[in-house]
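Engineer: Combine the two chains into a complex, taking the hints into account.
Protein chains in written order, with the numbering used here: chain A, 1 to 201; chain B, 1 to 195.
It cannot be assumed that every hint is accurate.
[What the hints assert, rightly or not] Taking lysine-lysine and the BS3-like style, the derived pairs with C-alpha atoms no more than 27 Å apart in a straight line are:
(1) A:Lys139 to B:Lys134
(2) B:Lys74 to A:Lys161
(3) B:Lys120 to B:Lys104
(4) B:Lys134 to B:Lys194
(5) B:Lys74 to A:Lys155
(6) B:Lys104 to A:Lys161
(7) B:Lys120 to A:Lys161
(8) A:Lys136 to B:Lys134
(9) A:Lys57 to B:Lys77
(10) B:Lys120 to A:Lys155
(11) A:Lys161 to B:Lys77
(12) B:Lys74 to A:Lys57
(13) A:Lys5 to A:Lys139
Note that these hints are calculated values from the structure, not bench results.
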Amino acid sequence: MVLLKLGIIFTLILSFFWLFVFGPFYDHIAIQLAVFIGVLGWNTLRFSLQETTSLLKFCFPFVFTLFIFGLIFHFTRLFGRQDWLADSLIKCLVFPSSLVYLKVVLSYITYLDIINLPISMKKRVDLITIKSAFSKGEKILRRFSWYLNTYPELKSGSNIKYALKKYACLIIALYLYLYEEIENSNRLLRNRYQHLNEANK
Amino acid sequence: MRSGCSLIPKTAFKRYFEGMEIKRGTYPLARRGLNFRLADDLNFKNSACRFYLRGGNGFGKTSFLEKIIIPALKEDKVPYIYIGQDIRTQLYTLRALLSVQGIKVSDNDEVELLKLWIKKSRSATVFILDEFDKYFPDYGFIFDWSNAFIRTYIIVTHLGEGRSDALSAKYQTCNVRFDLTDFDGHIKNISVKKE
Chain A
1 MVLLKLGIIF TLILSFFWLF VFGPFYDHIA IQLAVFIGVL GWNTLRFSLQ ETTSLLKFCF
61 PFVFTLFIFG LIFHFTRLFG RQDWLADSLI KCLVFPSSLV YLKVVLSYIT YLDIINLPIS
121 MKKRVDLITI KSAFSKGEKI LRRFSWYLNT YPELKSGSNI KYALKKYACL IIALYLYLYE
181 EIENSNRLLR NRYQHLNEAN K
Chain B
1 MRSGCSLIPK TAFKRYFEGM EIKRGTYPLA RRGLNFRLAD DLNFKNSACR FYLRGGNGFG
61 KTSFLEKIII PALKEDKVPY IYIGQDIRTQ LYTLRALLSV QGIKVSDNDE VELLKLWIKK
121 SRSATVFILD EFDKYFPDYG FIFDWSNAFI RTYIIVTHLG EGRSDALSAK YQTCNVRFDL
181 TDFDGHIKNI SVKKE
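The shape of chain B in the complex, shown without the other chains (with noise of 0.2 Å):
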């Protein structure tokens, strides 16, 4: 499978994502049938933000998120922790990541073995979840158990902001908007701006 690195050109990568941050301009996914033109700036290293993601079906959010944020994270060497929209799928590789690890997990439930997985990544700065409110309309376990070490929250949701807590004080919200602007049959042009 190629990685999300090979959409984009190396020369991209280094003009886009200096310092953890992925400069408007545009992001094509030719394979995935995308093309992203980003409005603004996203700065991931700003002080704690949580940026939500919103936008239709099909709008791309997931592959801006696999293809172009996680990409670069990695290319920055951001540590960070992804629960992705398959969560039932991600289970099994962390059932087995944190039997590797020597930890017993046969007898936990899921949410025992994701609180397990949080608590052994406090070398995270990132958290992803994307379209977790699914699973779990209240995810708000989450944001306790890693609002410690976390800076920055990235949040793929078709729900509101959540619960309004101590923590909307400590992060800065900030929305980012997904929208078609035209499809040409082959490829959908996606908007992707801050509200």
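Excised from the complex, chain A in its bound form (with noise of 0.2 Å):
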């Protein structure tokens, strides 16, 4: 039974990856606008508007500087080509879309499925800090940008350099925080395992 569940969640996202990354969707602006919406729209029912609403600040900049680029690109006639602009477009909104859709479909894999799953128990202790990682650096990311947004000594400069300082130091805090996790929760489940491994024996 989670073998088919798993299954299904990773045909979903080949099949999505297929249609409108690398497949015949991909440059078709209008589908990839509904595409977007309906994605953003799936976050809000599963999570929450708030929730929604963090994770496209969080993409902001960084198709913010892709959109830029793009228009750049696009005047400067760039290896003579004339799409620039609308390629740069698309890749504006499957960029996010692909964020959002990935970690929507992604939270349907719960710590019973990896429990349930016929691996081995080293394998499962590392799905398992994997999954705990990321849905704590997730969750953890709002108080990063939070406390960032009280250091004064980041908002010397203009807007956009602060917007650029700020997003600097939140992924860093989260690499740091997520390796640091990662190696915490690994240990930690691996020392419990053993144990009860041989209270069982």
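Structural biologist: See the structure below:
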């Protein structure tokens, strides 16, 4: 049963990427916009509006940079291409859509599913660690952002400079957190499993 | 996430936070299920002062800091240093901040990290500590590092005043008490008064 569920989830992911990211509907901007709205709606229903807004805020600097580069390439006619702007607009929709879609679909995999998987305990522990670290990381992002807003030293310079510095800090903080969190959770889980095993023997 | 500012109308901000003074009055934080009734004005621009915020768990001391005091400091562009209750989480952002500023932080422990940050924040005049004594019961080192430039300390604590030292002469002490007056099942009415 669990294999069927995971099979469906991974088929959904592959189909999404095949259809909208690498496949036939990639350059249909109207379809991409509809997918973007649909995915955001799904995320809102699954989680909350606040959650969706904070995800969009997180994506914004990347999307904005993508758009600005697209604009520059378009007006400088880089490599003689005249479709930079249209292509950038599509990428600006595809990037957040795929991110949110992956997040929503993967959220249907529960800890119970991982426990029921017919794999070795070591791999199970690794999967549980990854799931736990990423779901914690997602929640912690808002708190990181809040703390970064309390550091006046970040606010020196223009608004753009501030936004760039803030997002650089956010990514570094998240990376450090995930790195430590994965290591700690993994150690803790292995330790618990080992002691349970010994107790059972 | 909505900021504290959005929880209180802008007009209310102008009325309440003139000159870094939080005027007595009612401060509703409905999203957090709290309603503060501030009985006395809190003036953070007075001469050197240490404010000790005390009260039971769940009486909104941290919410008062994060949703009322900090937005007021931001509004008045008062530079401040804030060490939150979840210091372990905050340390990740501090490491990131110092790295972005070009400071090597990989080998530093948490105390060294705080020292580096505080040294870099000499423009601050207000220092806020939220239950810092939970991690460092003797946190006198914070004063040693910062009393040269900090005028006001705002300290949330469940303990006493900390060590009594030369700083006690330099800083006036003001105790602020948070008490639950009633709870209707949704909103806690909290009275906040100076002792």
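Engineer: Determine which of the earlier numbered hints do not hold for this structure and return their numbers in increasing order.
Structural biologist: When the structure is compared with the hints, none of them turns out to be violated.
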